[in-house]
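Starting from the given sequences, assemble the full structure and let the hints guide the process.
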Amino acid sequence: MIKAIRGTRDLLPPDTALWNFVEAAARDVFRAYNFHEIRTPIFEETQLFSRSVGEDTDIVSKEMYTWEDRGRAQSEKGQSITLRPENTAGVVRAYIEHKLWERGLNKLYYIGPQFRRERPQKGRYRQFFQIGAEAIGPPTAGSESPARDAEVLEMLATLLDRLGITDWTLELNSVGCPNDRATYNEALKNALKPVAAKMCADCQRRAVTNPLRVFDCKVPEDQPIIETLPRISQYLDEPCRRHFDAVQGILTAVGVPFTLNDRLVRGLDYYTRTAFEFTHGALGAQNAILGGGRYDGLSESLGGPHAPGIGFAIGEDRLVMSLKESADAVARKPDVYIAPLGPGMDRESARLARELRRHDVVVELGDETFRLKKSFENASKMGARFALIVGENEVKAGAFALKNLESGEQISVPRAELAAKIQSAS
RNA sequence: GCGGGGUUAGUUCAGUGGUAGAACACCGGACUGUGGCUCCGGUUGCCGAGGGUUCGAAUCCCUCACCCCGCCCCA
Numbered sequence: 001m002i003k004a005i006r007g008t009r010d011l012l013p014p015d016t017a018l019w020n021f022v023e024a025a026a027r028d029v030f031r032a033y034n035f036h037e038i039r040t041p042i043f044e045e046t047q048l049f050s051r052s053v054g055e056d057t058d059i060v061s062k063e064m065y066t067w068e069d070r071g072r073a074q075s076e077k078g079q080s081i082t083l084r085p086e087n088t089a090g091v092v093r094a095y096i097e098h099k100l101w102e103r104g105l106n107k108l109y110y111i112g113p114q115f116r117r118e119r120p121q122k123g124r125y126r127q128f129f130q131i132g133a134e135a136i137g138p139p140t141a142g143s144e145s146p147a148r149d150a151e152v153l154e155m156l157a158t159l160l161d162r163l164g165i166t167d168w169t170l171e172l173n174s175v176g177c178p179n180d181r182a183t184y185n186e187a188l189k190n191a192l193k194p195v196a197a198k199m200c201a202d203c204q205r206r207a208v209t210n211p212l213r214v215f216d217c218k219v220p221e222d223q224p225i226i227e228t229l230p231r232i233s234q235y236l237d238e239p240c241r242r243h244f245d246a247v248q249g250i251l252t253a254v255g256v257p258f259t260l261n262d263r264l265v266r267g268l269d270y271y272t273r274t275a276f277e278f279t280h281g282a283l284g285a286q287n288a289i290l291g292g293g294r295y296d297g298l299s300e301s302l303g304g305p306h307a308p309g310i311g312f313a314i315g316e317d318r319l320v321m322s323l324k325e326s327a328d329a330v331a332r333k334p335d336v337y338i339a340p341l342g343p344g345m346d347r348e349s350a351r352l353a354r355e356l357r358r359h360d361v362v363v364e365l366g367d368e369t370f371r372l373k374k375s376f377e378n379a380s381k382m383g384a385r386f387a388l389i390v391g392e393n394e395v396k397a398g399a400f401a402l403k404n405l406e407s408g409e410q411i412s413v414p415r416a417e418l419a420a421k422i423q424s425a426s
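Numbering (the numbering used here), first residue to last: 1 to 426.
Treat the hints as calculated values from the structure; they're not laboratory data. It cannot be assumed that every hint is accurate.
[Stated by the list, open to error] Simulated restraints, written as ranges between beta carbons of each label pair:
no., residue 1, residue 2, range
1, D360, E238, 58 to 68 Å
2, Q79, R354, 45 to 55 Å
3, M382, L229, 55 to 65 Å
[To be verified] Here are the simulated DSS-like cross-link-like pairs (lysine-lysine), alpha carbons at most 30 Å apart as the crow flies:
no., residue 1, residue 2
4, K122, K62
5, K373, K403
6, K62, K193
7, K373, K396
8, K99, K77
9, K403, K421
10, K122, K3
11, K189, K62
12, K373, K333
13, K374, K403
14, K374, K421
15, K324, K381
16, K403, K333
17, K421, K381
18, K421, K373
19, K62, K3
20, K333, K381
21, K333, K374
22, K3, K324
23, K122, K324
24, K403, K381
25, K3, K381
26, K396, K374
27, K333, K421
28, K396, K421
29, K62, K77
Being a predicted model, the structure only gives us computed values, none of them experimental. Even glycine gets a Cβ: it sits at the ideal position worked out from N, Cα and C.
Right, here's the structure in full:
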């Protein structure tokens with residue numbers, strides 16, 4: 001048997017209804033903030049990712065689906081291509097390629113699949129879905145303003161509330177400018193040198209390879225040592241500090257609660273200043289449902305103009321997981337099951353079904369060879385609200401037996417009134 | 001890449017060396033123009049794959065595959 005390959009999966013009803021619900025809510029909320037949808041290709045030149053995400057990140061060094069193209073044209077041969085591991089790079093590429101700033105397109109959102117070749121685990125797949133947005137543009141468009149950061153964060157809080165997710169926590173930090181980070185990294189390394197030997201094996205390795213990761217350590221014995229380490233917040237220059245203070249001020253003013261977390265660091269190279277994460281309990285080891293931050297230098301590093309930006313990506317798989325219970329409620333059940341009874345009644349039923357569907361009634365059709373019992377069984381199994389009997393008697397009388405499957409009440413309804421009768425009961 | 005758990009009916013699972021099971025689901029009947037509740041009957045399997053031990057393997061051993069959970073890392 002051929003199965004979906006490791007790390008990929010089929011999304012089936014009724015879950016798909018929940019996915020649609022989530023996506024519809026996101027589109028609706030984003031629209032209120034003047035974001036517009038962009039769809040970029042799911043594969044790009046490999047360089048795009050290695051240059052933006054960072055050559056030394058795990059994503060680029062070992063988690064990308066990359067292959068060599070064998071196109072017909074000479075220019076296509078040997079070109080290295082990669083399935084997008086995230087969507088920010090693609091959006092910024094498109095922003096530059098189409099000079100979107102010339103058209104005032106500064107706020108973009110996307111919904112779509114991303115790919116990483118990592119070991120699957122709870123809420124983590126090789127094809128996973130992200131809902132994200134990027135506010136990017138020349139500083140005159142407000143793209144560098146702390147007000148933009150606050151707006152994006154407030155938008156996310158609104159979306160989560162709208163989805164009925166109330167127990168979220170917004171963790172906020174500033175990772176400063178590239179200069180601040182370089183200085184800080186040096187200071188952190190130096191501070192770790194004398195104490196690393198006393199820490200857990202993981203931390204000893206991190207101290208050398210990726211010092212920032214030491215802050216993720218969960219070993220209790222290491223915590224006192226970690227507490228003494230320098231924090232990025234102590235290394236922010238004046239403009240970065242003012243920016244961060246302003247973001248916090250606006251968030252407080254609009255009533256979006258947040259927690260400062262100076263251990264929060266972002267893995268991707270392009271992040272600057274504001275970094276954030278929304279977490280949600282009861283999701284296991286992967287408790288972050290969305291993350292993002294500011295990337296003021298990304299456009300320039302990809303050969304574009306100075307275009308500061310801030311963005312985020314929501315892990316849709318995880319978000320849906322935390323809503324899982326409501327999947328059945330969101331799926332729309334048939335309003336009516338039409339039970340044709342006897343020879344010739346399929347034709348009659350098809351005509352009726354067509355009429356009703358034009359009135360936005362959800363109709364499921366039976367078959368004239370089914371016994372009535374069978375039709376009723378089918379109807380209640382699929383959760384139809386009504387069963388409609390289409391037999392010779394009904395056709396002759398021009399009125400049909402309509403049974404409410406919940407109450408058991410059955411009435412005779414003239415053809416012209418059927419749609420209204422079914423709708424009114426919903 | 002590393003560690004742990006798992007794989008038996010459509011689904012959830014029991015079965016630890018001697019005839020493959022239960023519940024639910026599904027199909028049919030009781031009930032030929034009326035579902036749900038009830039009762040009766042029925043179907044369902046290369047027991048993940050391959051090899052080994054044994055008179056005999058779902059069961060013990062080895063190898064592999066796949067799934068899940070976690071680690072590393074991370075939107």
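The hints, checked one at a time:
no., hint, result
1, D360 with E238: 58 to 68 Å, "holds, 60 Å"
2, Q79 with R354: 45 to 55 Å, "holds, 51 Å"
3, M382 with L229: 55 to 65 Å, "holds, 60 Å"
4, K122 with K62, "holds, 20 Å"
5, K373 with K403, "holds, 13 Å"
6, K62 with K193, "holds, 28 Å"
7, K373 with K396, "holds, 22 Å"
8, K99 with K77, "holds, 28 Å"
9, K403 with K421, "holds, 11 Å"
10, K122 with K3, "holds, 19 Å"
11, K189 with K62, "holds, 25 Å"
12, K373 with K333, "holds, 20 Å"
13, K374 with K403, "holds, 15 Å"
14, K374 with K421, "holds, 24 Å"
15, K324 with K381, "holds, 22 Å"
16, K403 with K333, "holds, 16 Å"
17, K421 with K381, "holds, 22 Å"
18, K421 with K373, "holds, 23 Å"
19, K62 with K3, "holds, 25 Å"
20, K333 with K381, "holds, 11 Å"
21, K333 with K374, "holds, 19 Å"
22, K3 with K324, "holds, 24 Å"
23, K122 with K324, "holds, 14 Å"
24, K403 with K381, "holds, 15 Å"
25, K3 with K381, "holds, 29 Å"
26, K396 with K374, "holds, 23 Å"
27, K333 with K421, "holds, 17 Å"
28, K396 with K421, "holds, 20 Å"
29, K62 with K77, "holds, 23 Å"
Hint violations for this structure: none, all hints satisfied.
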